[in-house]
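Trainee: Residue numbers (the working numbering), protein chains in the order written: chain U, 1 to 298; chain R, 1 to 288.
Errors might be hidden in some of the hints.
[To be verified] Short, incomplete list of chain R residues facing chain U, as computed with Cβ under 7 Å:
#1 Phe9
#2 Ala134
#3 Ser245
#4 Asn249
#5 Pro251
[Unchecked claim] Some chain R residues flagged as far from chain U (calculated, every beta-carbon gap over 12 Å):
#6 Ile6
#7 Phe12
#8 Leu23
#9 Arg39
#10 Ile58
#11 Ala220
#12 Val223
#13 Leu228
#14 Ala248
[What the hints assert, rightly or not] Label-pair distances were calculated between CB atoms; the ranges are:
#15 R:Pro68 to U:Thr124: 33 to 43 Å
#16 R:Ala236 to U:Lys236: 50 to 60 Å
#17 R:Val262 to U:Lys261: 35 to 45 Å
#18 U:Arg94 to R:Arg176: 52 to 62 Å
#19 U:Asp275 to R:Ser224: 52 to 62 Å
Please keep in mind that the hints were generated in silico from the structure rather than gathered at the bench. If you're wondering where the values come from, they're calculated on a predicted model, not measured in any experiment. In this text, a Cβ means the ideal position worked out from N, Cα and C, and glycines have one as well.
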Amino acid sequence: MKLRFISRLGLAAVILLALSGAASAASKVKAVASFSILGDMVGQVGGDRVEVITLVGPNGDAHVFSPTPADAKALASADVFFVNGLGFEGWIERLKKSSGFEGEEVVASKGVKPLRMEGEHSETIDPHAWQDLANGKMYVANIRDGLIAADPDGKSVYEANAAKYLDAIAKEERAVKAALDALPVARRKIITSHDAFGYFGAAYGLKIIAPQGVSTDSEASARDVAEIIRQIRQAKVPAVFVETITDPRLLDQIARETGAKIGGALYSDALSGPDGPAPTYLDMFRHNVEAITQALSS
Amino acid sequence: MIDAVIDPFIEFAFMRRAAVGCLALSLAAPPIGVFLMLRRMSLMGDAMSHAVLPGAAIGYLLFGLSLPAMSLGGFVAGFAVALAAGLVARSTLLREDASLAGFYLVSLAAGVLIVSVRGSNIDLLHVLFGTVLALDDSALILVASIATVSLVVLAAIYRPLVLECFDPQFLRSTSRWSSPTHLIFLVLVVLNLVAGFQALGTLMAVGIMLLPAVTARFWADDVSGLILVAVACAFAASLAGLLLSYYANVPTGPAIILLCGVFYLVSMFVGRRGGIVWSLVPRRHLEA
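Whole structure, please, built from the sequences with the hints as guidance.
Mentor: Encoded structure:
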């Protein structure tokens with residue numbers, strides 16, 4: 001008897017939830033993006049029609065994210081959920097299940113040609129595809145289609161926003177290519193912790209050497225560090241870059257020992273806050289390219 | 001063979017720095033571990049290592065990646081917990097181990113909370129603890145200074161400390177030095193844990209304090225002998241761990257602590273004082 005009462009209560013709650021979901025969808029489309037770069041892109045395409053909630057915020061590390069109840073709540077009431085895919089967000093399946101999300105999931109990297117990454121024990125797919133602006137354009141197209149599917153009424157708005165955004169990306173792409181082409185070929189190589197720049201290097205002709213494996217959560221061994229130092233000495237790498245989200249002390253040590261220059265911070269997996277140097281996807285590219293060209297041209 | 005041992009240290013400055021840092025740590029931490037063991041406070045080292053976390057986290061949040069701020073914060077938090085536990089033990093019904101457990105768990109929870117409240121979830125544990133492969137000048141100076149201070153202070157309070165280990169009632173009845181000795185000793189414990197975090201870069205820093213001490217128990221009887229064996233064991237584990245990390249491509253901190261653990265297991269079986277193997281060998285009974 002009691003059980004039946006509870007199940008009825010549950011049913012009522014579900015109906016209420018569904019109703020409230022429908023009501024809010026009428027005003028604004030609720031979109032959840034898994035990390036800050038994707039969140040910025042969704043905001044650019046969605047404009048005023050879409051309310052974007054980002055799970056892994058600015059300066060956060062999406063590799064080791066642990067969702068909070070508030071995140072699950074945001075996802076449960078979302079109409080559409082944007083993820084990077086390519087194995088970037090390992091925590092996503094569990095969160096989706098536990099939050100009871102039933103909306104549309106859009107994989108932003110759909111159609112991207114994945115780069116293989118040679119790990120220590122196996123070959124894996126490099127998830128950081130947005131570091132190539134050509135892939136960024138595919139992300140935008142996927143986001144646009146996802147938003148249209150979730151909110152057909154806004155089709156013309158999304159198409160116009162996306163077209164404008166794609167133009168801006170294409171313009172930035174030409175600027176990046178021009179800036180890096182101006183560097184002497186022999187100097188086009190950098191060291192950076194956490195190899196998130198595989199796509200960037202492949203697209204713009206920059207050799208990237210990383211002192212750590214694929215993810216931020218493995219600790220370097222003495223041999224890893226020794227090999228990097230040997231590599232820098234042999235290849236005469238001019239600059240070492242500190243990424244925003246890993247331990248800078250290891251890179252300081254390597255720079256000290258090899259005499260390579262320490263460049264500024266590069267943004268890879270997360271944007272900076274609104275007052276930082278990389279508050280949006282395109283700002284991130286401008287910032288990174290400026291830091292790289294400054295360190296390599298001197 | 002000799003070349004294989006020496007070459008990495010000749011070729012790479014970071015290996016030399018790591019070796020110096022570990023050796024400095026091995027000089028001071030194992031003797032303190034010996035006293036912890038003799039006073040039946042072995043597990044306190046582990047509890048204290050967690051208690052240090054919130055202080056280091058607050059130091060990091062306020063001043064960024066600053067060695068003095070994080071070390072000082074860690075020291076203050078660790079010492080506060082030790083002191084509070086001692087006070088509660090002396091003034092209430094609670095025994096010291098129970099009150100320490102209470103305080104360190106609160107401190108640990110506060111640490112985890114502070115770490116995650118910061119909005120962004122950078123893996124703070126990576127930042128809070130240095131890595132043995134990235135010891136810069138200031139970290140080396142910190143570790144070496146703490147080792148020096150610890151050894152000098154240990155020498156100064158050696159007699160009352162030994163007495164307190166074996167006959168605390170006697171010390172309390174004949175001297176005013178019982179409480180001060182205990183306090184100074186607690187300061188040394190926390191100081192060496194802070195140094196250990198810098199040098200070894202993990203919560204396992206407490207391993208280099210205690211594992212050599214319990215290993216020594218199987219080889220020596222008197223306190224000075226225990227200290228000598230413990231320091232030698234820590235030295236050997238540090239250098240061998242670095243080389244293991246270099247040749248076998250495994251993380252350095254855990255390699256060093258695991259080698260300490262291997263020494264301990266081996267000693268447990270073949271140690272001259274109470275090793276298991278010797279107790280299996282039948283000995284002649286003394287006959288009247």
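Trainee: Decide, hint by hint, whether the structure agrees.
Mentor: Right, here's what the structure says about each hint:
1. Phe9: violated, 11 Å
2. Ala134: At 4 Å from the nearest chain U Cβ, alanine 134 of chain R passes the 7 Å test, so the hint holds.
3. Ser245: holds, 4 Å
4. Asn249: holds, 4 Å
5. Pro251: holds, 4 Å
6. Ile6: About 14 Å separates isoleucine 6 of chain R from the closest Cβ of chain U, which puts it past 12 Å; holds.
7. Phe12: The assertion about phenylalanine 12 of chain R is violated, with a minimum of 6 Å to chain U.
8. Leu23: holds, 16 Å
9. Arg39: holds, 33 Å
10. Ile58: holds, 19 Å
11. Ala220: Check passes; 32 Å lies beyond 12 Å.
12. Val223: holds, 35 Å
13. Leu228: holds, 28 Å
14. Ala248: Alanine 248 of chain R not clear of chain U: closest Cβ-Cβ about 8 Å, inside 12 Å.
15. R:Pro68 to U:Thr124: 33 to 43 Å: holds, 40 Å
16. R:Ala236 to U:Lys236: 50 to 60 Å: violated, 38 Å
17. R:Val262 to U:Lys261: 35 to 45 Å: holds, 42 Å
18. U:Arg94 to R:Arg176: 52 to 62 Å: For arginine 94 of chain U and arginine 176 of chain R the Cβ distance comes to about 60 Å; the hint holds.
19. U:Asp275 to R:Ser224: 52 to 62 Å: About 60 Å separates the Cβ atoms of aspartate 275 of chain U and serine 224 of chain R, which means 52 to 62 Å holds.
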